[in-house]
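Residue numbers (the numbering used here), protein chains in the order written: chain A, 68 to 371; chain B, 5 to 481.
Hints in this document: simulated from the structure, not taken from any laboratory. These numbers come from a predicted model, not from an experiment. Just so you know, nobody snuck in bad clues.
Simulated restraints, written as ranges between beta carbons of each label pair:
1) B:GLU198 - A:ILE301: 55 to 63 angstroms
2) B:GLY238 - A:ILE301: 49 to 57 angstroms
3) B:ALA475 - A:GLU137: 32 to 40 angstroms
4) B:ALA54 - A:ASP143: 27 to 35 angstroms
5) A:THR225 - B:GLU71: 49 to 57 angstroms
Quick reminder that beta carbons are idealized off the backbone N, C-alpha and C, glycines included.
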Amino acid sequence: MTTTAAAVAGGPRTGVLLQDRRFKYWLIAPAVLVMLLVGLFPILYSLVVSLQNVTLFDQDYSWYGFGWYEFLFEDDRFWESMWHTALITVIALPTELIIGLLLARMFLGNLRAKPVFIAIILLPSVVCPIVVGAVWRLMFDTRYGPITHFLSWVWGETIEITWVVDPTWVYPVILVAEVWQWFPFMFLILLAALSNVDTDLTDAAEVDGAGFWTTFIRISLPAIWPVMFIAILIRGLDLVRIFDIVFVVTKGGPGTFTETTPIYMYITGFHQFETSYTGAMVFLVIVLLSIVVVTALRRVEISR
Amino acid sequence: MTMWRITTAAAALGLMFGAGQLANAETAGDRAVAAAQKYSGTTLSLHSEAGLQALGWELWNATQWKELTGIVVDQTSAPVNEMFVTTVQDFRGPANFDVLDVAPAYLPDLVEIGAVVPLNDWMDEFGYWDDYNDIAGAYKGWGEYKGEVYGFPDDGDVHVMMYRKDLIDEDADNQAEFQEKYGYKLAVPTTWKEFDEVAQFITDKYGPDIFGAAQPRAKGLTLYFWMDMFRDYGGRFFDEATMDCAWGSEAGVKSLTDFVNQRRYMPPGADAWGFTEAAASMLQGHVAMHYTWPGVGRWIQNVGTDIEAMNWVPPSHVEGKIGYAVPPGGTPELAVGWIISVSSKSDNQEAAYLFAQWSNSKEVSTGKTSLGYSIRDPFRISHYSDPGFRNLWSNAGEYLDALKTAGENGVQDLTVIQAQKYHDLIDNAIQAAIGGEDAQSALDTACKQANRVTKQIGVDRQRDVYQQFSAQENAYR
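I would like the entire structure built from these sequences, with the hints used as guidance.
What follows is the structure in structure tokens.
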């Protein structure tokens, strides 16, 4: 008897379900294998390389143990780069969120030429980050930059700040460029989320005498929170990987003052050819980020 | 038997014909061309610095070489501070390159990993020693390592000072005012103290229209403007006994502090200037003194800048007003420089060598180093005395004399194993100091990391190479 006949004769539900389950797995297996190969293999390979002693000068594939991890924990420059990355993330992320949210709220109503304005707002996000960095570096040029000229005009005297070298100003310049490029992403996601909030709820709250902020905090925000969380997660991970804008604007300078972890990894891996040490850095960052992401996702699940 | 006689006779005739060709080729360049005929139809891959260097290779060398030999030269270019990286990556990876432009400071690394081949045997075979010995002493050792020649110096990079004669030498009012203020004659500065005083004088009198001086100070370039100053102040890179980093010595701190303080008479924003911005400020007459790579010395006379590829270079507003001199301190940096080498993984090593010999030969290199767009600079004894070059503009002779003297007294970039790591650390320290960090602290941080690098490489191994470097006349003067 075939499985199907047995299922019909003796235990129809169990047999059919078993077959379905296996069949489903077979269907998704190729895609999962590809994803594992593309996603997991590099991570595992980085781990293996980090336990060897490979550089482009001496390609020593023998076992080196956790020596590079010990070196990593003593490497002040690495931990400073982590701090620089965290600083940019912690400032840029809420700034993009707040600007995106405010704009999204403004665009909820029926505006004339709304699609045109949305398209204009989205333009920064379609520009290559390298170009964004180069443009903002020119904008902040000490002699010829329009921002310097504008501020000098407002101040009434010539401002001679070397924006991309002065430690007081390098981070603001980077953050301006970064936020300018990516707040449209937040805006788009949050606009879509806010557009799907049930207006009956907000109307009812208004009728009951709730003010704008109370309605927004008690009704709109909880309604869009799952989408907002995903947007925050995506942008947060993007910011942890920040490279282009910082590299073009300051090259991580002055000195290593704005050197982010990806820039340090690039220098170690591609300028200093320390392949195994870079692998150790990469793996450590993956582990730390995984802990953060998993913890955050669990907390969201629990709150739901 | 008959066939054997015919074959032998044909081979003998062929050898005589070939030898006759080579014997009739009078110059080293001609000999290279003659010998390269058998490789006609081949393509060589050249790895060069992006921008004007690549343009020079394309318009001057590759075009002529193809016409003369039928060999095509394709280029793959990279920015200057990616050149070493991409060379090593290619060697460890696809190994596409045949001919390499190599910065001399990184030659030990490339030899140690086996990326380049010695050229001595080919130099014997194709008679290149006369031309090789015409290379000025300042540069000749660039391509040599452990007694073998691994590359031909092909770019006499040395910093040269350009200054406004009309403001410094020829202005009677300035002469009188300066004498009164500082107690000595206003002239092109020869010491760092004089440089500061002359520059400050110009800035005080002419600023903000004209400032005293400007140099490239952007990340990646500042090390080439500090390493010579450091040595002028008596600094040494390492304690030879222990190989401990010695950048944080009194000489290091003083020279770095003075270097940072030069900004006081430079235009606003000069701390962020790269090569182009600093050169433009001189070309446009916004600064009175500028020392940098020699190519700018030709641009400032509007030599060779009238082609489309050079239309980004601002036209010089100070043509005819410029004097040339050795930079302050008297021991300028032999900054970067290029040698032509042959990749060990090339499938066309002899063809690659012949291209290098021809390109580096007296006739070809003389033409190239006088071009505005090639930014290949004079490096041969014969370049400095070439009548065509010396008459290229009114004081071209002064320019060449300054380059010759600068080269003879110049100091080489720190050349040790994995030199690029130490260069990066020096650059970071300078940039940190420019950004406001205390010079001692910046250098101590860099030294701590440098000592770790030395320990990783192996102290004894690094000492051997450092001693080779130190023994050269142009390491410390």
